[in-house]
Amino acid sequence: MNFLHVAIMIPFLFAVMVPIFRKVLPRIHTGWLVLPAPAVLFAYLISLIPAEEAVSASLPWMPSLGVNFDVYADGLGLLFALLITAIGTLVILYSTFYLDRDKEKLGHFYVYLMLFMGAMLGLVLSDNLMVLYGFWELTSISSFLLIAFWQEREKSRYGAMKSMVITVFGGLAMFAGFLMLYAMTDTFSIRELIELAPTIMNEEMFLPAMLLVLLGAFTKSAQFPFHIWLPDAMEAPTPVSAYLHSATMVKAGIYLVARMSPVFSIGELWMWLVTGFGLFTLIYASFRAMKQIDLKAMLAFSTISQLGLIMSLLGLGSAASFYAGTDQAAFYSKATMAAIFHLVNHAIFKGALFMAAGIVDHETGTRDIRKLGGLMSVMPITFTVTMIGTFSMAGLPPFNGFLSKEMFFTSVLNIRDSDLLGEAVWGALIPLVAWVASVFTFVYSMLFVFRTFAGKRQPEKLKKQPHEAPLGMLLPPVALASLAIVFGLFPNLLSYTLIEPAMAAVHPSLLTPGQQFMVSIHLWHGFTPELFMTMGVAAVGILLFRLHGKTAALNAPLFERVSLNRSYDSGLKGLDRLSGALTKLYMTGSLRQYLIYIFVFLIAALGATLYGEGALLIDTTGYAEMSFYEAVIIFALILSTIAVPFATSRLMAIILTGVAGYMVSLFFVIFRAPDLALTQMIVETVSVALFLLCFYHLPKLKKEVVKLPLKLWNLLIAVGVGAVMTVVALSASGSPSFESISHYFLENSYTLAGGKNVVNVILVDFRGFDTMLEIVVLGIASLGIYALIRIKLKGDDEEAKLPARSAELFHDVYAPRSNDVILRTVSKLAIPIIMCFSLYLFYMGHHHPGGGFIGALMASSALLLMAMAFGMDQVRRIVPVDFRKLTALGILVALLTGIGSFLFGEPFLSHAFDYFDIPLIGELELATATLFDLGVYLTVIGVTMTILLTIGRDQ
Amino acid sequence: MELYMSLAIGVLFTVGVYLILSKSLLRIILGTSFLTHGVHLLLLTMSRLKTGAAPLLGEKADAYVDPLPQALILTSIVISFGVTSFFFVLAYKAYQKLGTDDMEQLKGEDAHE
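From first to last, the protein sequence lines are chains A and B.
If you number the first sequence the way the UniProt record's numbering does, the last residue is 955 and the count never jumps.
If you number the second sequence the way the UniProt record's numbering does, the last residue is 113 and the count never jumps.
Hints in this document: simulated from the structure, not taken from any laboratory.
Quantities reported herein were computed from a predicted structural model and do not represent experimental measurements.
All C-beta atoms in this analysis are idealised placements derived from N, C-alpha and C, irrespective of residue type, glycine included.
There's no promise every hint is true.
As the list claims (entries may be wrong) - The following label-pair restraints were derived from C-beta to C-beta distances:
1. B:62 / A:836: 33 to 39 Å
2. B:62 / A:821: 49 to 55 Å
3. B:62 / A:908: 32 to 38 Å
4. A:879 / B:62: 42 to 48 Å
5. A:583 / B:62: 55 to 61 Å
6. B:62 / A:186: 48 to 54 Å
7. A:776 / B:62: 37 to 43 Å
8. A:669 / B:62: 18 to 24 Å
9. B:62 / A:60: 48 to 54 Å
Claimed, not checked - Cross-link-like lysine to any residue pairs, in silico, SDA-like; alpha carbons within 20 Å at most:
10. B:60 / A:847
11. B:93 / A:687
12. B:107 / A:589
13. A:756 / A:848
14. A:828 / A:871
15. A:756 / B:97
16. B:97 / A:791
17. B:107 / A:586
18. A:371 / A:468
19. B:60 / A:669
20. B:107 / A:594
21. A:334 / A:407
22. A:584 / B:75
23. B:60 / A:744
24. B:93 / A:650
25. A:756 / A:741
Claimed, not checked - To give a feel for the contact side, a few chain A residues facing chain B, derived at Cβ under 7 Å:
26. 103
27. 718
28. 732
Between the sequences and the hints, there should be enough to build the whole structure, so can you do that?
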């Protein structure tokens, strides 16, 4: 663990603190309070730049699975991390002005935003693919939450859902790809993967793994045909669009392609796919952008097309790996350089443009370019920013976009020399596509700026009187626009610091140790073909811009009938309907049917397995003898059990069940299980009492009116389950198929745990953790009962139909009657004796039958007797204990006993014991296990009495 | 003995399942009790019966019966007591609020339609 881990955690920490900020400092805009997070992180990350070695650190998480929280900040990771924090700082600053302090749910907004920032930082700084995947999905989730920020709007919810469905689909595909890589290389570490890459390229899973990883990258980076979520994501508040959906999150796909390029670019297909999808997305989306009328929709399509551009550059750059070791490698790797440079440039100018669009929206109330126009004079600063942004996007000098656009042209021209392209046609096509797309880009850039700011003003169409935005809101876009000029004039500010190390991360095979890429970018490099291409773009672009309003081909929607969006919608709807219909087939809402599924499956699965294993041949040798008494007990058990379904009254059914329970406890006696016999006996007694308490209210046990076939079915299934379980019992008791672990407990119970009652020792010592959770379950059950009894539903008042019976019941069960004199007299004597016995059972439990459970149940039965004889109120008067608190106290005692072992450096619930000689009493054992058992004792009393008293109190 | 115990276990399971498949809530709860009994006896029978003295080392016997199933069953008895109590109260409360203990009526209407 080092500061890099902390850096990733800082945004999460702020996310947790946002609600506190909102509570403590409601008058300060939360944006100001979270602003330090990205700003400080940015400063820290800048300080990492000059490092020769990439900072890395490891934090074991699940080492046995190869999953560790390993982080490292190499050139590529650092570049992205800087982008995330820099744009993050500006966006948060911007958002403090964009979002109203009193009207918007700022708490939610900044929690989501910080969550995203942390996830994104984790994504780009992780070395472990599993950790990367986790952060990847977290970015999808935070993006979903941010798009749906105005969740009262239908379109926001739709857009959020769409982005979630598509990106999580891709994420899962990528996850499968990562697992395949793990299967081939046995590592999740990206750095180790890169070293192992040459050994896996001929594996069968190499190609599927590559396609799946690409699917993840393409969905995230909105490449055709998965781009459809991005325009709908524009429903998010503009700061979010600027941050997630143009500068950072959508570039996660780019990051993944760049990161995995050293692994996959060994195969030629990688280059073709990445370049192909990138170029097609570039030209398609730039054409679509031209036809948009909404400023943000235009920017959305523009972002898609620019992502395609960067993607295609990465593809072209990966060609360099085929020429590793030759001079040509540097020639082709220029495309990678262009990709990285344009990545930065795009984040800068697109960020500025989104913020400008937000300002226009904020100040005029619309983003429709048909209603805008002539804003130049009222919003001069916004206009300037927009102009710089759009000119940079269009690739005009002297802005940064011009340089990367030129480099893009260089790259597409260079690729013609490569012998990777079989046909000359391809060599001509790639530059042509690039050039045409650049023309479209030029046109929509001009539309964006001039339709908004030039031309005639149309104040009658606007809801507000537009004026310039406040200074704080202007500051971030102005900063970005200035950077667009600075990096245009002095591009080499970036080359040594960021681009060279990032290239080294993408092309590790091209460098020998100690070597580094030499990047030098110049604004003017003579009259090259690229410059002429740019001039052509400008000339044709201006022409098309002039024609735009008049030519339908340029401004009408592309397709009326068919569209990807429509097929997405209908596909989703169809899927919904299909799964609904399928589910309805078997989810009928009838409990009986669900149980039948379960039981039939049980019969089929168990029966088939037993048959297959030959378990039906049963070896009866070595069976125990059966005495006459045992035969009688078995007979009584079977008889009372079979009689239950025929019982006509409630009381009969309950008593028959009780009889079966007592028979079972007799079996426990015969089979040498004294603890069980005691427990079962008391539980049965308490249960029957409870049954009678509850079911006094229930209706008469009606004879079930069930159709005969249905009844026969039930019988058939029941007999089937019974038969299967009989065979299971016989085959299990026949020949043990594995060594029993029981002798361990018999041998070590006294030596290791100092107890002679092995059953009790297992419960409180060897398996103490199980017991602890068990009492927690009991505690939950008692609270559940308490809550159920106390629950007040709507319309309860009118439903109080049962008071008459309740009063009668109260009189019957709780209020003592005259002929209870004998019971009361005996009880006075019996209760103290039972209580003493309970304490005895509890304390002797370690060596003799007894223990916390049994002792506690015994004590509860004494209290129950008291309740029966003297009424519930008396119990409360005599034992003024809040039994719910007693339950909690018991669990606390057990827990603290467990935690106590930490003080001695031992694991949770380690027990200690020793023997002491005490005068008069003799040798006495003191064990921490007894303390733990005390916790069990208190909890069980608490639970039982809570249940009994709660039900009693309800009368 | 094991043979007859297995038959008894079979009967307990049969009746338990039959009761669970019926419509009345009371029968269903009683059914779960029988299933519990069946499982307890099954666990006990699995480890062979009457192979030694009770697992109390103070007995100083040559052989003891298997303590492990007993520990499991003890846990199970107490847990099933808690769960059964919860069932009771649930049934009682459901009847008090809804006026029926028939599962077919309690099922209600499908919310999607």
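Going back to the hint list, which numbers does this structure go against? 15, 22, 26
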